[in-house]
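Visitor: Based on the sequences and whatever the hints tell you, model everything.
The primary structure of each chain is shown beneath.
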Amino acid sequence: MSSNEPKSLRLSEARRSSSEIKCRKLIMGKWSTMWLFTKKSVTGALIGLTISDRYGLIVPVTGSSMHPTFSACDARFPGYLKADVVLVEKFCLEKYKFSHGDVITFKSPTDHKKTFVKRLIALPGDWVQVPESSEILKIPEGHCWVEGSSGFDSREGDSCDLATPTNKPSGKKEGYRENFTTLIYFVTDYLPFQVRFIQLLNLLSALCI
Amino acid sequence: MSTVGSRIASFLGSAAARFGKVPWREIREDAFDRAVLVLKAACFVHVVNTYVVGIAFVRGPSMLPTINLTGDVVAVERVSPRRGSLVVGDVVILLSPENPRKTVAKRVLGLEGDAVTFVVDPARGSASQTVVVPEGHVWVQGDNIYSSRDSRQFGPVPYGLIQGRAFCKVWPPEAVGLIGQKL
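So the protein sequences, as listed, match chains F and Y. Here the first sequence is numbered in the working numbering, starting from 1 and rising by one per residue. Here the second sequence is numbered in the working numbering, starting from 1 and rising by one per residue.
Heads up, some of the hints might be wrong.
[To be verified] Below, a list of computed lysine-lysine pairs in the DSSO-like style, where the Cα atoms sit at most 30 Å apart:
| id | chain 1 | residue 1 | chain 2 | residue 2 |
| --- | --- | --- | --- | --- |
| 1 | Y | Lys40 | F | Lys113 |
| 2 | F | Lys114 | Y | Lys102 |
| 3 | F | Lys97 | F | Lys39 |
| 4 | Y | Lys21 | F | Lys97 |
[As the list claims (entries may be wrong)] Reference listing, derived: stretches of chain Y covered by chain F, where coverage requires no fewer than 3 residues with Cβ under 8 Å from a Cβ of chain F:
| id | region |
| --- | --- |
| 5 | 37–46 |
| 6 | 63–76 |
[What the hints assert, rightly or not] Derived CB-CB ranges, DEER-like:
| id | chain 1 | residue 1 | chain 2 | residue 2 | range |
| --- | --- | --- | --- | --- | --- |
| 7 | F | Lys113 | Y | Ser147 | 32 to 38 Å |
| 8 | F | Ser134 | Y | Asp121 | 20 to 26 Å |
| 9 | F | Thr43 | Y | Arg83 | 40 to 46 Å |
| 10 | Y | Leu69 | F | Ser134 | 46 to 52 Å |
| 11 | F | Ile136 | Y | Val88 | 46 to 52 Å |
| 12 | Y | Leu12 | F | Thr38 | 50 to 56 Å |
| 13 | F | Ile136 | Y | Gly177 | 48 to 54 Å |
| 14 | F | Ile58 | Y | Gly177 | 40 to 46 Å |
The hints are simulated quantities; they were obtained by calculation from the structure and are not laboratory data. Computed from a predicted model, the values in this text were never measured in an experiment. By construction, the Cβ of each residue, glycine as well, lies at the ideal position given by its N, Cα and C atoms.
Guide: Right, dumping it as structure tokens:
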């Protein structure tokens, strides 16, 4: 009897403690996976932020001011899905060397929270004629002239009609060199790749025949 | 001759054997882990410098007497410009509107919508002018108005050019202290 009781006691104790141990391992397991997940996501966020600040990022482009170049779509939900997705590279921000015709993204001078996409028309030192008026301006140092592709468009959502610093309403805008990046775009329907695929097929068929 | 040759051959053979025994895989894995750690640390430093607080070396005569002519190291916080909570009197670090590769330190004297009165040319008398700061811009001026290129020359500056607010001097040790809101 006396030897049985301690055994049964010990058995039940063992069962209880093993279940406790399993429970604790489960909790520890949960915490450790959560901690692992947190570590990995923080590391990923740091790396992603660094790459998007210094090297390049991928953004959708909304609005219709760059119409033939980027497809026109509006910024609210259903139109957003049709937006062209572009690759923006930031290597040019080291030396600020741009050429005429580059498509650039920049922070708006009238609202630093908004980013616009336009084409660079004139660099510092160039003379430019303000469209729809006979005024000629010389671009001062550190500034540039940007315009959208689709011409005069004064709808609010596109921000083509922002006033220049001298408060002239115009369809184009004088931009400042702030947060400029050059845009290299890949259209979402992979048009360049389609063209190349067709060329490759032609080449193959020419070789076979 | 043959003993020399055989000794060289045995030396090369043992060297080759020792080369084969070096734990190359462990060394490679260790080097890779270390490189990844260095990369992660660099990303962390970049994120802290760009989004939280950074350091800038400011020199020049345009912010005398607040900042020394030969240069002071200041701590620059990046949170307030991003949140839009700058006030008049802050010393800010901004990209120069005349040359985006140059950063300058000036004091904010007017936010958007404010009417700023300034002396046009202090060396030539006290004729003053009043300007309303347009939307999305700030008016910056150096503390030393006699020798500073600021908004009196290049006009109001877009808010997006501001990189940070200098709130404290950290070097040289005799100049350590918070940078005040008034001149």
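Visitor: Check the structure against each numbered hint from earlier and tell me which ones fail, lowest number first.
Guide: 3, 4, 6, 8, 9 and 11
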